[in-house]
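*Asks:* Here is what each chain is made of, one letter per residue.
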Amino acid sequence: MTDGQGAQFAHESESEFARILDFYGIRWEYEPRSFPLEYDGTGRTIESFSPDFYLPDFDLYLELTTLRQSLVTRKNRKLRRMRALYPHVRVKILYGRDVRSLFAKYDLQPASIR
Amino acid sequence: MPAGPIERVLLTEEQIRLRVGEMAAQVTRDYLGLDLLLVTVLKGGLYFLADLTRALEIPTTIDFMAISSYRGGKGRSGAVRLIKDLEEDLSGRHVLLVEDIIDTGLTMSYLLRTLRARDPADLAICTLLDKTTRRIVDDLPIRYRGFEAPDAFLVGYGLDFREQYRTLPYIGVLQPDLIATPAPP
Chain Y
2 MTDGQGAQFA
12 HESESEFARI
22 LDFYGIRWEY
32 EPRSFPLEYD
42 GTGRTIESFS
52 PDFYLPDFDL
62 YLELTTLRQS
72 LVTRKNRKLR
82 RMRALYPHVR
92 VKILYGRDVR
102 SLFAKYDLQP
112 ASIR
Chain H
1342 MPAGPIERVL
1352 LTEEQIRLRV
1362 GEMAAQVTRD
1372 YLGLDLLLVT
1382 VLKGGLYFLA
1392 DLTRALEIPT
1402 TIDFMAISSY
1412 RGGKGRSGAV
1422 RLIKDLEEDL
1432 SGRHVLLVED
1442 IIDTGLTMSY
1452 LLRTLRARDP
1462 ADLAICTLLD
1472 KTTRRIVDDL
1482 PIRYRGFEAP
1492 DAFLVGYGLD
1502 FREQYRTLPY
1512 IGVLQPDLIA
1522 TPAPP
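These protein sequence lines map, in sequence, to chains Y and H.
Counted the way our numbering counts, the first sequence spans residues 2 to 115.
Counted the way our numbering counts, the second sequence spans residues 1342 to 1526.
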């Protein structure tokens, strides 16, 4: 999936979210940065976290998730690790319930938010 | 009393009336002697603005604006735009933006950008409901907040679902399964 800026979205929900941001004139970047979370003995990154969106006007990273609970738990763990390692970086996560509620506000049906 | 599509009453008419009175008293104290202009966005803020202004004990001016709504899907939705602009000049005035609810803050972010460009002396927000669970824009100048809103779809007292339930005198939680039903063509 792509949008007007040429971003390759992994999920339709991300594409829809980008369109909402565009509508309100909020600048965004899609997965612009990867934050290393863990290294092996040679200093090679073995785990990292790449938040879905960066909103430069608010200096805020956003992660959207509509995944099943087991994967959400893993993502939460990554988020905690990221906050510990990069306390100066502002990051928020929107869970499946948040995303569904947000889209419900715009009367977007489930087919478009999967 | 709730019926059918309303799962439960969140705030009764009496609770809203009392809180709006408290907020009005605070606004009255803070803006005494100042040229206060209250602005709301149609249609949701209409009821709160009407009750708030009638409880104020200072002279005020009111004005209204309306903006286009996001329509989802793969087609181009364009950009948010003013459907109805203000009639009052904001320059040098103390402006209070009155809202029924603030959720993500995206709409409010647009409104603030639009109004700040008109050079008011001061611009602040008065919201009846503050839903912070999904807040994206979190540097909003909220000076007055009535209630913290839970993470639920709320209707009544100006809040609608597909243009219904706005006129309920209370604020209720909409049945979740109703939200999932497709909108009529």
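If you're looking for bench data, these hints aren't it; they were derived computationally from the structure.
All values reported here derive from a predicted model rather than from experimental measurement.
Hints should not be assumed to be uniformly reliable.
What the hints assert, rightly or not - With a cut-off of at most 25 angstroms between alpha-carbon atoms, the simulated DMTMM-like pairs for lysine to aspartate or glutamate come out as follows:
(1) H:K1472 / Y:D60
(2) H:K1472 / H:D1376
(3) Y:K76 / H:E1504
(4) H:K1472 / H:E1398
(5) Y:K106 / H:D1479
What the hints assert, rightly or not - Here are some chain Y residues pointing at chain H (derived, C-beta under 10 angstroms):
(6) Q9
(7) D23
(8) R84
Said to hold, decoys possible - Chain Y is nowhere near these chain H residues, computed Cβ spacing over 12 angstroms in every case:
(9) L1352
(10) E1355
(11) R1358
(12) L1383
(13) E1398
(14) D1404
(15) H1435
(16) D1444
(17) L1447
(18) P1461
(19) I1477
(20) D1492
(21) A1493
(22) F1502
(23) P1510
Positions of the beta carbon are idealized from the N, C-alpha and C atoms, including for glycine.
*Asks:* A separate judgement is required for each hint: does it hold in the structure or not?
*Replies:* Verification of the hints:
no.	hint	verdict
1	H:K1472 / Y:D60	21 angstroms, holds
2	H:K1472 / H:D1376	30 angstroms, violated
3	Y:K76 / H:E1504	37 angstroms, violated
4	H:K1472 / H:E1398	28 angstroms, violated
5	Y:K106 / H:D1479	19 angstroms, holds
6	Q9	16 angstroms, violated
7	D23	7 angstroms, holds
8	R84	16 angstroms, violated
9	L1352	19 angstroms, holds
10	E1355	28 angstroms, holds
11	R1358	27 angstroms, holds
12	L1383	17 angstroms, holds
13	E1398	35 angstroms, holds
14	D1404	22 angstroms, holds
15	H1435	26 angstroms, holds
16	D1444	7 angstroms, violated
17	L1447	4 angstroms, violated
18	P1461	20 angstroms, holds
19	I1477	7 angstroms, violated
20	D1492	7 angstroms, violated
21	A1493	8 angstroms, violated
22	F1502	9 angstroms, violated
23	P1510	23 angstroms, holds
Violated hints, in rising order: 2, 3, 4, 6, 8, 16, 17, 19, 20, 21, 22; the structure is consistent with all others.
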